[in-house]
Amino acid sequence: MSNIVPFFEKMQALDRRYIYLVVALAIIIPLLIPFNSKTYVTEPTANVYKMIDSYAGRSDRAILLSFSHDASTMAELTPMEVAILRHCFQRKVKVFTLCFMPAASPLMDYALNIAKEDYDVQDGIDYCNFGYKPYGLFLPILLGMGDDIAEIVETDAQGRKISNLPIMTDITNYNEMNLVVDFAASSAVYSWIVYARARYGVNVAAGITAVMAADNYPYLQTGQLVGMLSGLKGAAEYEKLVDVFATHKNPDGTIGRSYSKEILQESWIKLSDVDKRVYKTARIGMNAQTVAHVMIIVFIILGNIGFFLSKKKKEQEMM
Amino acid sequence: MKRQIPLIIVITLGFMFVAHTFIPHKASVAFYDWWVSWSKAISPFAVILGIMSLTMVHGTKISRKAPNWQYSALTLFALVFTGASGFIWGTSEGTPFMWLFKNVQMPMGSTMFSLLAFHIASAAYKAFRARSAEATVLLIAAIIVMLGQVPLGMAISKWIPETSSWILNVPNLAAKRGIALGVGLGMTATSLKILLGIERTYLGGGD
Chain A
1 MSNIVPFFEK MQALDRRYIY LVVALAIIIP LLIPFNSKTY VTEPTANVYK MIDSYAGRSD
61 RAILLSFSHD ASTMAELTPM EVAILRHCFQ RKVKVFTLCF MPAASPLMDY ALNIAKEDYD
121 VQDGIDYCNF GYKPYGLFLP ILLGMGDDIA EIVETDAQGR KISNLPIMTD ITNYNEMNLV
181 VDFAASSAVY SWIVYARARY GVNVAAGITA VMAADNYPYL QTGQLVGMLS GLKGAAEYEK
241 LVDVFATHKN PDGTIGRSYS KEILQESWIK LSDVDKRVYK TARIGMNAQT VAHVMIIVFI
301 ILGNIGFFLS KKKKEQEMM
Chain B
320 MKRQIPLIIV ITLGFMFVAH TFIPHKASVA FYDWWVSWSK AISPFAVILG IMSLTMVHGT
380 KISRKAPNWQ YSALTLFALV FTGASGFIWG TSEGTPFMWL FKNVQMPMGS TMFSLLAFHI
440 ASAAYKAFRA RSAEATVLLI AAIIVMLGQV PLGMAISKWI PETSSWILNV PNLAAKRGIA
500 LGVGLGMTAT SLKILLGIER TYLGGGD
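If you read the sequences in order, they're chains A and B.
Numbered per this note's numbering, the first sequence spans residues 1 to 319.
Numbered per this note's numbering, the second sequence spans residues 320 to 526.
Chain A on its own, in the form it takes in the complex:
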């Protein structure tokens, strides 16, 4: 005991640069040497997947992906954007992208370019990037899309008139573009809930950074959010869903199968089974997150042992 106390007293005064070094190693090593860990899909993520999948092959249904974040939160949000886009391209779901932040515009191109690489999809037919719109137009566009998307958005990122694009056939307003997924590191999704959901009944889902996820639980419980992808974990779950169902190769040569909870529980996809690294970014990231969380928990426990030992020693000295 007498040997342990000075050790923990030293540990209490440990230079924080050593802590930074341990954290850096705990994150870098799992990223360089990925290991297989099982991804468990939560209900809010599965709900987003099921809703998007229900639009498969329908010309009168589309989804809108709203990019409300900048490059700082790409590590968490881009993998989920890519996974959802892949799902849409694979299952022939019409998809629109839009942003109201200048810094988010290249992120839309980035995610689209990664996702469409393996698919024969065409801009204006299978997907359409509405591009960046000034934030001053956020509310007019958000509300205006409830009446006529082509009229309020007018042009896409390439300056083409939206009403002339083939993708707009059978798509007029939120009745058809019936799901909005907002990717944000903030509370941007609330505007979609307050205005688009309350007024036009559009389904709203959130793809959000882990630190903001706790704020959204009241909206999940009430059903105002149909689902939520929470941080890197949510992205890893969606990647798994795409691999297990949307891109599944059936024995008859066809691709894709319907969602099933039983199949999901039995499925075990190793990282080595997924060819492209960009399709398993979140799952590799979860390795680093696992080790980092364990490190933080170890730090908390060590800190508290030191705290209680020092406290006890002081009490004994007082006596």
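Check before you lean on any hint, since a few could be wrong.
In silico BS3-like cross-links for lysine-lysine, where the CA-CA straight-line distance does not exceed 25 angstroms [said to hold, decoys possible]:
no.: 1; chain 1: A; residue 1: K92; chain 2: A; residue 2: K116
no.: 2; chain 1: A; residue 1: K10; chain 2: B; residue 2: K445
no.: 3; chain 1: B; residue 1: K445; chain 2: A; residue 2: K312
no.: 4; chain 1: B; residue 1: K445; chain 2: A; residue 2: K313
no.: 5; chain 1: A; residue 1: K38; chain 2: A; residue 2: K270
no.: 6; chain 1: B; residue 1: K421; chain 2: A; residue 2: K116
no.: 7; chain 1: A; residue 1: K314; chain 2: A; residue 2: K92
no.: 8; chain 1: A; residue 1: K92; chain 2: A; residue 2: K261
no.: 9; chain 1: A; residue 1: K50; chain 2: A; residue 2: K270
no.: 10; chain 1: A; residue 1: K314; chain 2: B; residue 2: K445
no.: 11; chain 1: A; residue 1: K116; chain 2: A; residue 2: K276
no.: 12; chain 1: A; residue 1: K161; chain 2: B; residue 2: K359
no.: 13; chain 1: A; residue 1: K92; chain 2: A; residue 2: K50
no.: 14; chain 1: B; residue 1: K477; chain 2: A; residue 2: K270
no.: 15; chain 1: A; residue 1: K261; chain 2: A; residue 2: K38
no.: 16; chain 1: A; residue 1: K311; chain 2: B; residue 2: K421
no.: 17; chain 1: A; residue 1: K312; chain 2: A; residue 2: K10
no.: 18; chain 1: B; residue 1: K477; chain 2: A; residue 2: K261
no.: 19; chain 1: B; residue 1: K445; chain 2: A; residue 2: K38
no.: 20; chain 1: A; residue 1: K249; chain 2: A; residue 2: K92
no.: 21; chain 1: A; residue 1: K276; chain 2: B; residue 2: K421
Hints were generated in silico from the structure; no laboratory data involved.
Could you slot chain B onto chain A? The hints should help.
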């Protein structure tokens, strides 16, 4: 007059938007369409205003050789260079603008956000102590939620992610809902005060 005219604009337009929301009359729709067209025209001026403000602030720092004025020079150079590369070569894949975004903006942004992990780890070690009953509850809840967020939690026990989910869905939700209700009531009260001209701090001080 400097305060009265903005006040009249805010109150008049405020009540008109309230009317538009609750009265779906032809005149109300026409007013809304008129406002949308004005919004589109006003937005580019906000960008010009932003560029002017940035140039003036940093231009002054450079001309006065204020401490760290070199950073201001770099900011203005980045503003001109990034903007020019976007205007000249476009912003699509393979252009200098996209190169800058991928090789400067993305790593810098990610670096800033990733610092959070280091600070959380350091703070957890140095400050997260079970000093009281409340702090102990917080500490245990944090450990369960952290384990519940990673596959390891499920590997240890099914009980960990279930408890993590309960913490987020019950106590966390109750607190968040309480805060949301408070914020909602506060926003309603403040909006009413602005509409009725009682709250005027947004006009700034002095005449």
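Checklist line | In rising order, the numbers of the hints this structure does not comply with | finding: Hints 7, 16 and 19 not satisfied by this model.
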